[in-house]
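Participant: Given chain P, work out where chain G should sit, using these hints.
Protein chains: 2
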Amino acid sequence: MLTLEQRDRMDVVLVSPRNPLNIGAVARAMANFGFEHLAVAAAFDPHWREAKSAVGAPDLLQNAKSTEHLADAVAHCTLVAGTGTLTHRKPEQPIVSLPGLGPLIEREMARGGRAALVFGPEKHGLTRDDLSFCNVLVEIPTDPRQPSMNLGQAAAVCLYELACRPTQPSRDAGTESLAANSGQLDRLAFLIEEAMTAADYSPKIMQEANRHDLRVLLRRLGPSAHDTRRIMGLFRRILWRMARDSKHKS
Amino acid sequence: MLTLEQRDRMDVVLVSPRNPLNIGAVARAMANFGFEHLAVAAAFDPHWREAKSAVGAPDLLQNAKSTEHLADAVAHCTLVAGTGTLTHRKPEQPIVSLPGLGPLIEREMARGGRAALVFGPEKHGLTRDDLSFCNVLVEIPTDPRQPSMNLGQAAAVCLYELACRPTQPSRDAGTESLAANSGQLDRLAFLIEEAMTAADYSPKIMQEANRHDLRVLLRRLGPSAHDTRRIMGLFRRILWRMARDSKHKS
Chain P
1 MLTLEQRDRM DVVLVSPRNP LNIGAVARAM ANFGFEHLAV AAAFDPHWRE
51 AKSAVGAPDL LQNAKSTEHL ADAVAHCTLV AGTGTLTHRK PEQPIVSLPG
101 LGPLIEREMA RGGRAALVFG PEKHGLTRDD LSFCNVLVEI PTDPRQPSMN
151 LGQAAAVCLY ELACRPTQPS RDAGTESLAA NSGQLDRLAF LIEEAMTAAD
201 YSPKIMQEAN RHDLRVLLRR LGPSAHDTRR IMGLFRRILW RMARDSKHKS
Chain G
1 MLTLEQRDRM DVVLVSPRNP LNIGAVARAM ANFGFEHLAV AAAFDPHWRE
51 AKSAVGAPDL LQNAKSTEHL ADAVAHCTLV AGTGTLTHRK PEQPIVSLPG
101 LGPLIEREMA RGGRAALVFG PEKHGLTRDD LSFCNVLVEI PTDPRQPSMN
151 LGQAAAVCLY ELACRPTQPS RDAGTESLAA NSGQLDRLAF LIEEAMTAAD
201 YSPKIMQEAN RHDLRVLLRR LGPSAHDTRR IMGLFRRILW RMARDSKHKS
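Taken in sequence, the protein lines are chains P and G. Number 196 in the UniProt record's numbering belongs to position 196 of the first sequence; there are no gaps in the numbering. Number 46 in the UniProt record's numbering belongs to position 46 of the second sequence; there are no gaps in the numbering.
For reference, chain P alone in the conformation it holds in the complex (with noise of 0.2 angstroms):
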């Protein structure tokens, strides 16, 4: 159960969302529950502009963020959460089962994180690309019958989890360090992919892949933000080092 200063740390992100209704809908349970926070990446214009116009539309609707990719709008989360169900597929992020995700938040709450609860377009879902942006994937316990949700029952669903559900004090979580947020995971990824190209690491058409395989990679390991600063320091001397032979060579 996060308490309002903690549900204030967290933002709600909907990718791509095509129903105006359902928009509507993730704002009135985000209301319900307390929560403030409501980004939208890659919106399709006329349907966010729809719903925000909506009459009774909560302030939090008016207020929302807009940014053109899911990269940006969780740049400034430590733990980002994606949703969906498994019927398709075999995710690359740790899965958690709605009821362990607010431990979760918790203990990143303890350690002064901010985390990100994100949902997909309605058709189809978070992509394997958006997915590589998550640090875990919640899945709602639904029947395999009918596993998919509407976007704005499922939105309910997590909040009310995460606002009203009891869950047990988290141990130690004070003594771990700050994780470090999407956005210096990429700028790491950045770099570490730089000193992919100036050794020649992989040819050129696997360039897609591998950034999509570091990005998880570095997701499922956590590295604290000082782990995120050391490492790329380590990797900015390696190419200033690789930079400077290769002058003395040519």
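Where hints are given, some of them may not hold.
Identical copies carry no separate label here, and so any pair may be met within one copy or between two of them.
[What the hints assert, rightly or not] Below 30 angstroms or equal to it, Euclidean Cα-Cα: the simulated DSBU-like pairs (lysine-lysine) are:
hint, residue 1, residue 2
1, 90, 204
2, 123, 52
3, 247, 90
4, 204, 247
5, 90, 123
6, 52, 65
7, 247, 65
8, 204, 65
9, 123, 204
10, 247, 123
11, 52, 247
These are computed hints drawn from the structure, not numbers from a lab. It should be emphasised that the depicted structure is a prediction, and the values quoted were computed from it without experimental measurement.
Facilitator: Coordinates of chain G only, in the frame set by chain P:
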């Protein structure tokens, strides 16, 4: 958490629902969480017919029972739970917060009973008269500033609570791959240290401290055996490249 057999002894009852979309949403949430028995009391016939004829309406909507009065819809039930918020009234029934409803129904089921969960019309909820057919009033603990939930979302939250809660917070261990063992981490650390040296990353005097930090860092991150092989591949490549360029230089 109700078993499927217990869910089969549970009715969802809508009193005079106004919006066919909401009726459909309730039916969808029921299908998502494995509930079969829907009844509508005092339906507005045109709306009810429209909901039933909607494209993609689940079977349980086709098979729903329609009664003139709530009393008939719940006549065969031993535990009738009405839903609502408490803002405007002091109910005559005992109030149970939604997280407490599951145990109540389970106890009733254990002694062979049958339960109903009753939702009122969208505008004003269950009347005092409706509630007089209920054993308890279930309250979803919403934010007092925005207590009133959308009908479809309220149903989804209640049915999630009954079908899925409580469960163990499970990080699906089976999907996580095998962690690298200590020896593998040491071999990786050795390679990274070689790269640090080749890149003149830090003065020699820091070597011991860096080695220690690296060991601690790798154990904290806990890469899998597979991750470790991939990262080693990258560092081998970087080392090879730096060695080659150094040779060119000299």
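Participant: Would you pick out the hints that fail for this structure and give their numbers low to high?
Facilitator: Failing hints, ascending: 3, 7, 8, 9, 10, 11.
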